[in-house]
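Chemist: Letter by letter, the chains look like this.
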Amino acid sequence: MEKVLPAKDRLLKSNKSGLNGELRGKMLVILCAIIMISATISITIFLGTKGMQSFTKNGISLIEFLTSTKWNPTDKASPMYGVLPFIFGSFAVTFLSALVAAPLGIGGAIFMTEIAPSWGKKILQPVVELLVGIPSVVYGFIGLSVLVPFIRENVGGLGFSLLAGTIVLSIMILPTITTIATDAMSSLPNHLREGSYALGATRWQTIRKVLVPAAMPSLLTAIILGMARAFGEALAVQMVIGNVRDLPSSILDASATLTTIITLNMGHTTYGSVENNTLWSMGLILLIMSFAFILLIRYLSSRRKLR
Amino acid sequence: MMTAVKERTQVDLTVQPTPIEVKSENIIAVRNLEIFYGDKRAVNGISLDIKKNSVTALIGPSGCGKSTFLRSINRMNDLIPGARAAGEIIYEDLNILSQDINVVALRKEIGMVFQKPNPFPKSIYENIAHGLKFAGIRKKTELDEIVEESLQKAALWDEVKDRLHKSALSLSGGQQQRLCIARSIAMKPTVILLDEPSSALDPISNAKVEELIIGLKKDYSIIIVTHNMQQAARISDKTAFFLNGDLIEYDNTKKLFTNPSVKKTEEYISGRFG
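Top line first, the protein sequences correspond to chains Y and W.
Straight run, no breaks: the first sequence in numbering that gives the first Met the number 0 ends on number 306.
Straight run, no breaks: the second sequence in numbering that gives the first Met the number 0 ends on number 273.
One thing to keep in mind: the hints can contain errors.
[Said to hold, decoys possible] Below, a list of computed lysine-lysine pairs in the BS3-like style, where the Cα atoms sit at most 25 Å apart: (1) Y/Lys208 to W/Lys187; (2) W/Lys139 to Y/Lys208; (3) W/Lys115 to Y/Lys208; (4) W/Lys160 to W/Lys139; (5) W/Lys263 to Y/Lys208.
[Claimed, not checked] Have a look at the derived ranges for each label pair, beta carbon to beta carbon: (6) Y/Val131 to W/Gly172: 26 to 32 Å; (7) Y/Gly119 to W/Ser171: 35 to 41 Å; (8) Y/Ser301 to W/Ile203: 30 to 36 Å.
Since the hints were made in silico from the structure, they are not lab data.
C-beta atoms are modelled at their ideal positions from N, C-alpha and C, and glycine is treated no differently.
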């Protein structure tokens, strides 16, 4: 007869034999998590210290940096470091493109989920996926060769403008908003729809008064994620926005954003110079904004759980 | 097929000047009703009369067509792709299966409460005011009045009057279901369809809902689908037993449960299958 081991040899944790594989697996996933967390933390710390240098080491006033509209870092006599026009440009294209893309994206999502779930989804879904796959340089190239001349000839101005940047960004963030909004609408429980129809609501009343309000936190998340993408996009915007250092006075004026100034100037400034440091400060502003966007989304999804 | 339904309706109306007489004590007359999901026939040509101001229970095993039949009475099946109906459901003097029927107006007169309580993610007050706003009632005083009246009728007023503007989702399951009934009542319907309204509730909430249903029949005609035969026996005046899409027996509840005339019915109510 086979000898049965005593219980303490079979069941106690100190008996390692069965736990080795378990431990190895655990270590592996912990390692993955540590790499991700440390990458994020070190980028944040690096950007934080680098971005603060223009204020601590080079003595630029933070107030001037954020509120002055004069940007002329290369002037030998009196260089000026006001980035307000670029902050304004970033926010302007972000909000304007969200203003265009949000109704379109949510409308498309409603079309796919409520109006024509079968064929609408079959057509729109691949279209949206295709839009995601187009690289931003291609969007910029199309904007540069089609949109800019079109605006110059038909609307006015140089063509390089806030308007051009807004339109290009709207198309770029449309898939983000549409996809998340579609998920939000289709994950609404069907009994909400039935409850509304059973009360004698029309389809439009059901969509407007029951379904959209119920999906609202997720729809806002969709819009904010789209805005976060718009805020961070550099290449395509840079190709069509004109990149001037003045505050734009109309939507047809050329402008610049934080991202476009960074990409334009990082190549020809020397590492450690004042101008280079101010670019890092702009990067820090971008990082802070993306944290703000994430916090906003967190807040919205916590509200969603509450309901 | 939809056009075929329409044609058939028109033919019937022209061949017989008074096609089906709905006796004044009845509110709905069903004639040769067939319902299909795609190619599958879920209801096989049933006929029955629903009495006004009474509770009619539909019983039978799962998949027997009773819920399908219930959902056809206020055209909720229209929402299911591929579902279609033939035959007639005469409400007052109109075939409500006709393509000419405004289903939005129909659903205001024939309300429905579902198996799972489905309040909107809004306040208790808003849940009831919502349907009223759909119907075009906007005046605050009028809304307040109907909200209170409906909650009173649904025996929920005393429990929620101090928190009308709290989320409806903070209510218990039983309270949510009574809120859904109140929401339905607020539309001043003539018929209320209940699709297993208490199957998701605990026994005490269930008892409250049953008590409520019995109280409601003086103002409304009620048709209830239930899996619970004791429930059918307790609250209904007439009971219809469905099996595989056929209406096997339809009689006074007392008669059906004590002395059924069809063997299948007897087997079902005594628990031999289903």
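Chemist: For a quick check of understanding: which of the numbered hints are violated here, in increasing order?
Modeler: Those not satisfied are hints 5 and 6.
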